[in-house]
Structure formats: C-alpha cells, structure tokens
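Asks: Here the protein sequences come in this chain order: A and B. Quick note: the first sequence uses the UniProt record's numbering, first residue 1, plus one each step. Quick note: the second sequence uses the UniProt record's numbering, first residue 1, plus one each step.
Keep in mind that the hints were calculated from the coordinates and are not lab data. A quick note: this is a predicted structure, and the numbers were derived from the prediction, not measured. Yeah, the Cβ is synthetic: ideal placement off N, Cα and C, and Gly gets one too. Careful: at least some of the hints might be erroneous.
[What the hints assert, rightly or not] From the derived model, a few chain A residues whose C-beta atoms are all more than 12 Å from chain B:
#1 29
#2 75
#3 79
#4 88
#5 97
#6 176
#7 203
#8 214
#9 224
#10 225
#11 231
[To be verified] Which stretches of chain A does chain B cover? Using the computed rule of at least three CB atoms under 8 Å from a CB of chain B, they are:
#12 34 to 40
#13 136 to 147
In case you want the letters, here they are:
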Amino acid sequence: MPDTVSPYLRFDNVSLGRGARTVFDGFSASLGERRVGLIGNNGSGKSTLLRLAAGLLLPDAGEVFVEGLETKTHRGELPGNVGFLFQNPDHQILFPTVGEEIAFGLTEKGMTDAEANAAARELLAANGCEGWEKRAVHELSEGQRQLVCLLSVIAPEPSVLLLDEPFSSLDLPTRLDLSDRLRALPQAVVMASHDFEFLSAFDRLLWLDDGRVREDGRPATVIAAYEASIRGLKTARRA
Amino acid sequence: MISNYLGRETWLHRMPAGAKLAALAILSVVILPVDDWRALVAALAGVVLLYASLGKEAFKRLAMIRSFAVLLAIIAALHLLAGTWQEAVAAVARLVMMILLADLVSMTTTMQAMMAALTPVLTLLRPFGLNPRKLSLAVSLAIRFIPVLSANWEARSEAWRARTGRRPSFRLLGPFIADTFRIADHVAEALDARGVARSRRGGREWG
C-alpha cells in the first residue's frame, strides 16, 4: 500500500450491512492522494464506500474520518467539507432553475439568497456558462445537467469531492469535457468509475471486490490485475 | 427531474412570488361563490388570454388540462344528473380556471422565490417548534413534485400501453407507488448530501 501523508479520508475497521447483506466487514483504508479511483464490479461496494465517506451512510461498527471529523459525531459539518456527485444528475437536482440549484448549498451554509445567487452567477460565468442561472434545468441536456450538478457541489468549496460514476450516462464529447474540468479541480477527488482511460492518470487506485480491497496501488498495476482476473474468469467459464 | 417551469422569462416571472401566491389565494376564494356560468366562462377566457400573453410555449401548456379530462367529465356528469347543464358548465369552468391559475404560478416561479415568500408566513408556526425554512422547503418540494409524479404516471401508462395495447389499469398503482417512494428516497439523500436536516444523528437506509 502506498504511503499516505495526512489522509483526508480514513476508514477504521468499518462494518456495514445493507438489509440482510454485509457490504463491509472490518474494512480499513486511508486515503491522502489528490486523485484516488475506486474500481470493481457492480455491487463490490464502491458506491457504499463513497456514501460512508459523505456521511450519507453511517457504519454499524468502526469509524470513518473525513478531514479528521468522525462521521457519526460530526455529521452536520460534513457537507461543508465533502461534496458528493451522484451518478444520475436527476437524483441530485432539486430545483427547477440552474441558479437556485447552485445557490442552495450556499444558503444552507448561511448565505442570504441574494449573496448565494450572486455567487452562483459568478461560478457559472467562470465556467463558461454565462447567463445559465435562469435556464430551466429540465431543458438542459444530460451532460449540461451533470455539469450543473458538479458546479452545485463545488460551490460551497468542499476540500474533498466524492464522485459516484459521474460519466456513466454521458456521450463521448461531454465525457471528455467533464474529464477536463475534473482534472483541473483543486480539490482532492475520490471517484468510482469504469473509465480506465481517465483513471490511468490518477495517483492511486483501489480495486474493491466484495467489500474488500483486492488490489491497491498505481493505476497501471491495479487495472492490469483487474482485467486479468476478469479475463481469467471468462476463460475458466468457457473451459 | 421534470418540472413545469418555463425557461424563457415572461412578465409573470418578474412579478414577486408573494404577490402571485396572494393573487392565487384571493382569486380562488372570489371564484368559489360565483355560480353564473356566463361569468365563469368569461373569466376562464380571461385566464386563457393570460396564457396567450406569455407566449407560444406557455399557450401550449394549456393542453395539460387534458390529463384532468376524466375527472372533469365525472364532475360534469354528476351535475347533469342532479341539476342543469348550466350548473355543469359552471362547475367545470370553475375547476379548470383554478387548475390553470395554479399552474401559471408554478410555471413562472422559482422554488427559491416560493420559499422566500412562504417563510415569513410559516414563521407564525415557530411557537409550535417548527422550523420555517425547512417547512417552506417541504411545501415547495410538494408543489414541485406534482409534475414529477404525473410524468412518472404517464411513463408507466405508456409502457403499459406499448406492451398490452390496452388502457392503463389500476394494476399500475402498485409500481407507481413503489416508484414514488424511490424518488422520495433519492430526494432525501440529495437533501442530506447538501446538508439539510443534519441535526439528527443516525443514518437512513438507502436503496
């Protein structure tokens, strides 16, 4: 496991069941790199791990620390520190217009409506979306909606971003555009994805398999091991 | 998530949300005792003109009244059975007008403006231990979800028609309600992720 200096995210012997299923049983990991990717089959625990880190789920046993804050006791402070980007933009967007969607996180942080609206306008302009604030969200394309989600999440300036397969429903041009924007973000990013090309530039990858870390290290090594295992399984099945 | 908000700004968008909500409330009360069918039809024509004044896109939204066709037909039939055709026309015109007026407000008002207008009113409930901002968010979300749920019902009916060739049946109700709960779960999680209602401890099942 690569050395991590001052981790922003730490899982300490975490156990979590969802219904009858045990997702994690004594899971421990420590993340401190600027770009960390999570790979693995569907159901391996990637989404659940991100939700634990955002405090959307709390561990049954063990502890999760984000920027030193334990998620059970500091739940209220987490949204200011971590931003969570959902897989499906429609699961995040609550408001009918772009401006108020972005402003919402800011008013939750204590800004007045007027201040939050001004900040939303500025953020949109800075990201090449001048004048979008009055547009109806449902009139935007899927990629534009995902961009609005990203801007809403980074507006309150969290230090850690958790991204749950943000590319899964996007076409290639929008995916490339969003990739460029993600690359440029100053925040630490933990991202679950199947986009190995994008993940190959990351600092570290974790391959999750049935709630455990199967492989941990540089992207090239981890991706190769993952792909080899999938191919191995297929050949074994064919034989 | 679908909404009925009109993206292109009109004069009604620029009206303060509080004024629009107050006008809606007052008009609804004023319309209620009127039973002269001619007056009601004339007023309805006025509402249609109001839609026309907002441009072509808004005018097309008038078609949404079709989804109330069955309900309106039942109301008209009951009035025809129990009374006169004038009463039937009056009842239908009154109801259509109220629906259209309410739709005008939600079509041209952002949720933020709606919440800002509702919060001072709901502050009156503070002595009962209710948080006015959370309450106004809840009320606005409830209004916001009417088009979401009707779109969801439409989508299910379409799938039903495509696979059975028959009219939607009550059997769709089960999956529709299950879907509604799923949407509610997603909204709850989205609110949670943005820091709403984080005062309580303990997690929520996410599914």
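Asks: Now tell me, hint by hint, if it's right for this structure.
Replies: Outcome of the hint check:
1. Distance check for residue 29 of chain A against chain B: the nearest CB is about 20 Å away, which clears 12 Å, and the non-interface claim stands.
2. Not every C-beta of chain B lies more than 12 Å from that of residue 75 of chain A, the closest at about 5 Å, which undercuts listing it as non-interface.
3. A beta-carbon of chain B comes within 12 Å of the beta-carbon of residue 79 of chain A; the shortest separation is about 3 Å.
4. Not every CB of chain B is more than 12 Å from the CB of residue 88 of chain A (nearest about 8 Å), against its label as outside the interface.
5. The Cβ of residue 97 of chain A sits about 5 Å from the closest Cβ of chain B, inside the 12 Å cut-off, so the non-interface label is violated.
6. Residue placement check: residue 176 of chain A keeps its beta carbon more than 12 Å from all beta carbons of chain B (closest about 26 Å).
7. Remark: the non-interface label on residue 203 of chain A is consistent with the geometry, its nearest Cβ contact in chain B lying 25 Å away (cut-off 12 Å).
8. Non-interface call for residue 214 of chain A relative to chain B: holds, since the shortest CB-CB distance, roughly 24 Å, exceeds 12 Å.
9. No beta-carbon of chain B comes within 12 Å of the beta-carbon of residue 224 of chain A; the shortest separation is about 33 Å.
10. Distance to chain B confirms residue 225 of chain A as a non-interface residue, since its nearest Cβ pair spans about 30 Å, more than 12 Å.
11. Interface exclusion of residue 231 of chain A from chain B stands, the closest Cβ pair being 33 Å apart, more than 12 Å.
12. Coverage of the segment 34 to 40 of chain A by chain B is violated [criterion: at least 3 residues with CB-CB distance below 8 Å; count 0].
13. By the rule of at least three residues with a Cβ nearer than 8 Å to a Cβ of chain B, the coverage given for the segment 136 to 147 of chain A holds, with 4 such residues.
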